[in-house]
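There are 4 protein chains.
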Amino acid sequence: SKFEYVRSYEVNDACLPNCWIVVRLDGKSFHRFSDVHSFRKPNDERALRLMGRCAMRVMAELSDVVIAYGQSDEFSFVFHRRTAWFGRRASKLMTHTVSLFASSFVFHWLEFFGETVLRFPPTFDARVVLFPTDRCLRDYLSWRQADCHINNLYNTTFWALVQKGGLSPSQAQERLKGTMTGDKNEILFSEFGTNYNKEPEVFRKGTTLIWQKAEKKTVTQLPKTQVSRLDELGSASTYLSKSQKRHRAVVALNVDIIGEDFWQEHQEILAD
Amino acid sequence: SKFEYVRSYEVNDACLPNCWIVVRLDGKSFHRFSDVHSFRKPNDERALRLMGRCAMRVMAELSDVVIAYGQSDEFSFVFHRRTAWFGRRASKLMTHTVSLFASSFVFHWLEFFGETVLRFPPTFDARVVLFPTDRCLRDYLSWRQADCHINNLYNTTFWALVQKGGLSPSQAQERLKGTMTGDKNEILFSEFGTNYNKEPEVFRKGTTLIWQKAEKKTVTQLPKTQVSRLDELGSASTYLSKSQKRHRAVVALNVDIIGEDFWQEHQEILAD
Amino acid sequence: SKFEYVRSYEVNDACLPNCWIVVRLDGKSFHRFSDVHSFRKPNDERALRLMGRCAMRVMAELSDVVIAYGQSDEFSFVFHRRTAWFGRRASKLMTHTVSLFASSFVFHWLEFFGETVLRFPPTFDARVVLFPTDRCLRDYLSWRQADCHINNLYNTTFWALVQKGGLSPSQAQERLKGTMTGDKNEILFSEFGTNYNKEPEVFRKGTTLIWQKAEKKTVTQLPKTQVSRLDELGSASTYLSKSQKRHRAVVALNVDIIGEDFWQEHQEILAD
Amino acid sequence: SKFEYVRSYEVNDACLPNCWIVVRLDGKSFHRFSDVHSFRKPNDERALRLMGRCAMRVMAELSDVVIAYGQSDEFSFVFHRRTAWFGRRASKLMTHTVSLFASSFVFHWLEFFGETVLRFPPTFDARVVLFPTDRCLRDYLSWRQADCHINNLYNTTFWALVQKGGLSPSQAQERLKGTMTGDKNEILFSEFGTNYNKEPEVFRKGTTLIWQKAEKKTVTQLPKTQVSRLDELGSASTYLSKSQKRHRAVVALNVDIIGEDFWQEHQEILAD
Ligand SMILES: Nc1nc2c(ncn2[C@H]2C[C@H](O)[C@@H](COP(=O)(O)OP(=O)(O)OP(=O)(O)O)O2)c(=O)[nH]1
Ligand SMILES: Nc1nc2c(ncn2[C@H]2C[C@H](O)[C@@H](COP(=O)(O)OP(=O)(O)OP(=O)(O)O)O2)c(=O)[nH]1
Ligand SMILES: Nc1nc2c(ncn2[C@H]2C[C@H](O)[C@@H](COP(=O)(O)OP(=O)(O)OP(=O)(O)O)O2)c(=O)[nH]1
Ligand SMILES: Nc1nc2c(ncn2[C@H]2C[C@H](O)[C@@H](COP(=O)(O)OP(=O)(O)OP(=O)(O)O)O2)c(=O)[nH]1
Ligand SMILES: O=P(O)(O)OP(=O)(O)OP(=O)(O)O
Ligand SMILES: O=P(O)(O)OP(=O)(O)OP(=O)(O)O
Ligand SMILES: O=P(O)(O)OP(=O)(O)OP(=O)(O)O
Ligand SMILES: O=P(O)(O)OP(=O)(O)OP(=O)(O)O
Ligand SMILES: [Mg+2]
Ligand SMILES: [Mg+2]
Ligand SMILES: [Mg+2]
Ligand SMILES: [Mg+2]
Ligand SMILES: [Mg+2]
Ligand SMILES: [Mg+2]
Ligand SMILES: [Mg+2]
Ligand SMILES: [Mg+2]
Ligand SMILES: [Mg+2]
Ligand SMILES: [Mg+2]
Ligand SMILES: [Mg+2]
Ligand SMILES: [Mg+2]
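Chains as they are written, first to last, in our numbering: chain E, 13 to 284; chain Y, 13 to 284; chain P, 13 to 284; chain C, 13 to 284.
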């Protein structure tokens with residue numbers, strides 16, 4: 013039609029070749045969302061596992077994600093530096109990721125929250141960030157995991173002071189002003205008998221999703237909600253060949269990804 | 013933390029000031045999605061009304077959308093040329109829009125599809141397109157409505173030939189090859205007694221959402237699913253002042269938006 | 013060759029269609045450049061006319077510039093909102109503009125500075141700015157001309173105090189701190205008998221270049237350095253048709269472009 | 013002033029951190045420029061050396077260029093992956109580079125072309141290309157040097173056939189159609205007694221500029237036009253510390269940069 017010229021107003025926002033592409037999404041106003049839906053404080057395992065379930069769907073469905081990391085109301089997906097998915101168009105990458113995540117959140121809500129009724133559909137933002145080197149990609153993931161640690165230690169201590177210590181929120185805030193990591197560990201231990209390092213790893217480390225060869229025993233041993241079913245993995249991929257994709261499954265880990273060990277053990281993640 | 017430097021890898025993708033900002037979303041692989049969920053052919057009113065319901069949520073929730081237009085598996089949202097929402101960041105605009113739409117789609121599925129079970133969460137892509145002038149914005153909307161007309165006339169004739177005329181899909185395709193608008197109207201009328209212009213307007217014109225002063229009688233007269241409730245409209249807006257937002261509601265229309273009449277009647281849409 | 017894949021790392025930086033494209037260039041470290049080459053203070057007419065000469069070359073050579081405005085060490089070139097020159101690629105537009113301007117500066121130096129030897133080749137930066145409406149384009153040009161006025165009034169008063177009033181630069185600076193337009197006019201008039209409004213218009217208004225039909229008498233009456241020769245105007249243009257380009261010449265004006273009069277008189281500049 | 017809001021229409025086009033930034037410039041219509049100024053065919057050493065002289069100025073003046081490579085009417089400048097010069101703004105990098113190059117071209121013309129009068133100021137385009145890895149940066153430089161080889165072998169054979177072989181240009185073109193590297197070497201050797209590998213390296217390899225410690229004897233031994241004077245190197249740099257910049261000079265080489273040897277010998281170029 014004579015109106016078709018408006019197509020030329022679209023821009024091609026292809027990402028620079030050969031960079032790691034990270035899509036990070038984050039829940040909009042989850043402070044309010046968690047209040048309205050009575051999330052447990054400081055951590056609601058149902059919420060965290062629902063987030064992980066959604067991320068698994070994204071990873072199984074969207075080609076070429078090599079690792080994903082999530083904590084709180086956010087998740088980061090790393091597309092392989094050579095992915096050609098949707099011509100590396102940034103808008104396609106972020107909108108497919110975030111819309112599948114958001115629809116999955118409602119789709120799976122019942123499995124995790126049971127009788128707690130979902131009051132309104134949640135929203136997430138998303139952004140694309142590019143990393144030219146393995147080093148800065150790893151620093152990015154470390155940044156998010158360090159953030160998880162800092163927030164979680166604070167929140168754990170804060171809610172211990174409030175829930176067990178009987179302080180008001182503003183008193184607890186005052187008490188924690190200017191404290192360092194050691195101080196908070198000390199408060200938890202001496203006042204509440206809590207060894208922070210014994211807290212569940214899913215709270216302290218967040219959730220890391222990676223691909224695992226399906227032959228490995230661990231896959232079938234993991235609980236069902238943590239492993240995407242193999243038959244979900246059939247979608248077309250531009251970067252990974254069929255044979256590479258066959259026989260693999262997504263596994264969820266709650267481990268340190270800042271140190272070298274994880275990356276030594278899983279060299280395939282960043283491999284070419 | 014020492015990893016925080018990676019923040020500097022993010023880019024600010026603010027849209028050029030003073031341009032109309034369109035976010036268009038489109039269902040991913042809805043050819044398959046409509047098959048799996050047995051959408052009626054050529055048009056499934058449940059699907060179209062569900063799309064409209066989701067768009068209403070977006071419009072009520074996301075500030076500064078002045079008009080939205082949808083057809084088939086797509087919807088376009090027009091943000092006011094002076095919107096300052098999220099600093100006009102393109103990624104924020106498109107991901108909030110598409111993720112709220114996608115989560116709403118699952119959230120409201122039951123209201124429209126009843127016993128038809130949703131088999132898997134749907135995905136949508138989205139993109140931002142900028143238009144410097146009112147003229148090219150209107151041409152954009154005309155482009156989408158002309159597309160609706162062309163596809164719908166084709167599909168209506170195609171499925172008449174198949175469902176009522178007993179042709180196989182490939183025979184119907186062959187029959188329609190090279191036909192013009194008049195030819196298809198003629199086939200529909202002479203062979204199936206169908207006057208295309210009497211087909212439901214929601215199929216022929218798509219769905220247009222605009223804001224209406226709440227005082228107007230029409231608002232309360234419209235069926236509930238077509239009008240967003242006034243109390244949903246309380247979210248903060250950067251462009252529209254409180255007084256402007258109060259007392260208005262979203263209404264769904266199925267009218268021609270290519271000609272001058274619509275724009276003459278609704279001059280407030282493009283007003284400064 | 014097998015290295016050719018690196019071509020895919022280039023990005024297409026085409027400007028949004030239907031926006032006015034402004035390329036502004038500005039001399040790098042002209043504070044130092046003007047010192048080294050003993051520019052007259054506060055204004056060196058040789059320098060300003062050399063700048064204008066270079067801009068004329070740019071305008072005659074680069075297609076589709078409809079107006080240019082310069083003052084001090086800067087010049088802005090406005091490409092027509094429909095120009096298709098070099099596919100509207102921003103990098104092509106700014107680099108061709110700035111490199112022709114810079115090479116012309118050296119090329120024409122002798123004509124304006126005579127025995128003052130050019131000590132080193134000058135550098136300019138350049139940038140592209142887009143304007144969706146006529147209004148904001150005009151506000152842009154007004155911004156530059158207002159800047160010219162503000163700086164020139166200050167500099168004129170400052171150097172009067174120093175050169176004629178015997179103040180040291182820091183005394184003059186102190187004297188002018190916090191003064192308004194009226195104050196400076198008053199100082200000039202009462203202390204130095206200078207009516208600022210009688211100062212040369214090239215200093216107060218800057219230089220505006222536009223196209224003029226060659227038939228008009230004014231063209232041939234203007235001094236040669238101010239009018240580009242008709243036979244320089246033969247270069248290919250993507251936007252303007254041959255017949256439009258024939259018989260026109262660039263003229264330099266030193267007039268107010270903030271008010272309505274200029275634009276009323278020259279409606280062809282912003283015409284479609 | 014009230015017009016200042018237009019500043020917000022400028023965009024920040026900072027390059028992605030941690031990528032190599034290449035600015036490549038290329039003469040506009042140098043086919044015509046070389047004709048008008050009677051460049052020698054197939055190679056005009058004066059032109060090539062003038063290009064090298066301009067590039068030296070750029071390298072000495074613009075901070076953080078670690079290597080530059082030129083051939084024919086083009087030059088590529090590689091800014092260090094960590095440069096913070098002008099906030100890595102792409103427009104600043106390309107326009108400063110290209111405008112200094114263009115003004116230098118006119119400035120130094122006389123030194124190389126003597127009585128051949130410069131008829132009009134030349135123009136160059138420029139673009140920014142980013143490379144995330146050392147490998148793709150090297151492939152980029154290899155691409156340009158391979159291009160130099162291919163064109164030069166063709167041109168050398170073509171002009172031998174025309175100038176010495178008495179063929180018309182179109183006959184020579186016909187003769188070379190479909191020939192491979194070996195064929196052209198053979199024509200040159202058997203018909204014109206020319207051993208292509210003995211042709212001047214500046215023609216076959218192009219010109220590579222790098223920094224060298226000033227102590228090294230080679231610096232002072234090189235002819236003056238090939239080595240930028242130390243006292244030109246005083247300009248501020250954001251990436252290199254003063255002590256790193258002191259005592260170094262630009263040297264011009266005409267060597268292979270595709271193989272490993274060059275990079276083994278000059279590991280400092282890509283060093284962090
Ligand atoms: N109670 C509870 N709250 C949680 C949990 N996970 C996340 N949240 C809440 C606490 C934080 O207020 C919020 C995440 O912080 P954000 O910085 O993303 O803020 P928020 O989403 O409110 O605003 P935003 O729209 O992202 O700017 O989500 C949880 O497991 N339990
Ligand atoms: N039966 C039926 N199908 C519909 C209806 N609305 C949309 N669809 C289907 C028919 C089309 O195949 C599809 C929309 O066309 P698209 O060009 O968006 O293709 P699709 O979504 O398959 O691929 P995409 O991922 O967008 O490239 O959705 C409906 O009301 N009834
Ligand atoms: N004496 C004299 N100086 C002039 C004349 N025109 C421009 N200049 C000088 C005065 C200013 O210091 C300078 C222009 O100001 P800018 O803000 O562009 O600063 P400058 O070029 O030094 O730095 P930049 O590299 O643009 O950030 O050029 C003139 O006619 N006479
Ligand atoms: N005779 C002669 N010509 C040269 C020499 N170096 C470059 N040239 C000419 C030959 C080519 O036609 C031209 C460079 O090719 P380009 O692909 O850059 O084409 P040109 O600059 O004409 O067009 P452009 O504006 O870059 O698209 O410069 C030389 O040393 N001698
Ligand atoms: O949302 P914040 O405050 O945690 O920080 P951010 O996500 O980097 O900020 P923004 O959402 O505005 O990009
Ligand atoms: O999806 P299509 O084929 O209708 O056309 P498009 O949406 O413009 O194409 P793309 O989704 O690839 O941008
Ligand atoms: O150069 P200035 O300070 O006049 O202001 P600007 O040109 O807007 O700043 P920049 O050159 O850094 O874009
Ligand atoms: O100029 P060409 O044809 O050698 O190739 P290019 O420089 O890649 O093309 P363009 O100048 O149009 O970017
Ligand atoms: Mg945020
Ligand atoms: Mg959040
Ligand atoms: Mg968060
Ligand atoms: Mg599409
Ligand atoms: Mg679709
Ligand atoms: Mg569609
Ligand atoms: Mg500046
Ligand atoms: Mg300057
Ligand atoms: Mg200036
Ligand atoms: Mg080119
Ligand atoms: Mg060229
Ligand atoms: Mg070239």
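Check the hints yourself; a few may be wrong.
[What the hints assert, rightly or not] Derived lysine-lysine pairs resembling DSBU-like cross-links, with alpha carbons at most 35 Å apart:
no.	chain 1	residue 1	chain 2	residue 2
1	C	K40	P	K225
2	Y	K14	E	K104
3	Y	K104	Y	K14
4	Y	K196	E	K14
5	P	K210	P	K196
[Said to hold, decoys possible] Just a sample of chain C residues kept apart from chain Y, beta carbon distances all over 10 Å, derived:
no.	residue
6	S20
7	Y21
8	H43
9	R44
10	S46
11	L122
12	E127
13	L165
14	N167
15	E186
16	F204
17	Y208
18	D268
Source of the hints: derived by calculation from the structure; they are not laboratory data.
Treat the numbers as computed from the prediction; the structure is a model and nothing was measured.
Note that the Cβ used here is the ideal one computed from N, Cα and C, for glycine as well.
To see whether the hints hold, each was checked on the structure:
1. Restraint check for K40/C and K225/P: satisfied, since their Cα atoms lie roughly 29 Å apart, inside the 35 Å limit.
2. Taking the CA atoms of K14/Y and K104/E, the gap is about 32 Å. The hint holds against a cut of 35 Å.
3. Only pairs whose Cα atoms come within 35 Å are accepted, and K104/Y paired with K14/Y is accepted, the gap being roughly 27 Å.
4. With a CA separation close to 21 Å, the supplied pair K196/Y and K14/E stays within the 35 Å bound.
5. Restraint check for K210/P and K196/P: satisfied, since their Cα atoms lie roughly 14 Å apart, inside the 35 Å limit.
6. A beta-carbon of chain Y comes within 10 Å of the beta-carbon of S20/C; the shortest separation is about 6 Å.
7. For Y21/C, the non-interface assignment is contradicted: its Cβ lies about 6 Å from the closest Cβ of chain Y, within the 10 Å cut-off.
8. The beta carbon of H43/C is kept farther than 10 Å from every beta carbon of chain Y, the shortest such distance being approximately 37 Å.
9. Distance check for R44/C against chain Y: the nearest CB is about 36 Å away, which clears 10 Å, and the non-interface claim stands.
10. Annotated as non-interface, S46/C keeps its C-beta farther than 10 Å from every C-beta of chain Y; the closest such distance is 40 Å.
11. For L122/C, the condition that its CB be more than 10 Å from all CB atoms of chain Y holds, with the nearest at approximately 45 Å.
12. Every Cβ of chain Y is farther than 10 Å from the Cβ of E127/C; the closest lies at roughly 51 Å, confirming the non-interface assignment.
13. The non-interface label for L165/C is consistent with chain Y: the shortest C-beta to C-beta separation is roughly 43 Å, beyond 10 Å.
14. Every beta carbon of chain Y lies more than 10 Å from that of N167/C, the smallest distance being close to 43 Å; the non-interface claim holds.
15. Every beta carbon of chain Y lies more than 10 Å from that of E186/C, the smallest distance being close to 46 Å; the non-interface claim holds.
16. With a least beta-carbon separation of about 55 Å from chain Y, F204/C lies farther than 10 Å from that chain, consistent with its non-interface assignment.
17. For Y208/C, the condition that its CB be more than 10 Å from all CB atoms of chain Y holds, with the nearest at approximately 47 Å.
18. The Cβ of D268/C lies farther than 10 Å from every Cβ of chain Y, with a closest approach of about 35 Å, so its non-interface assignment holds.
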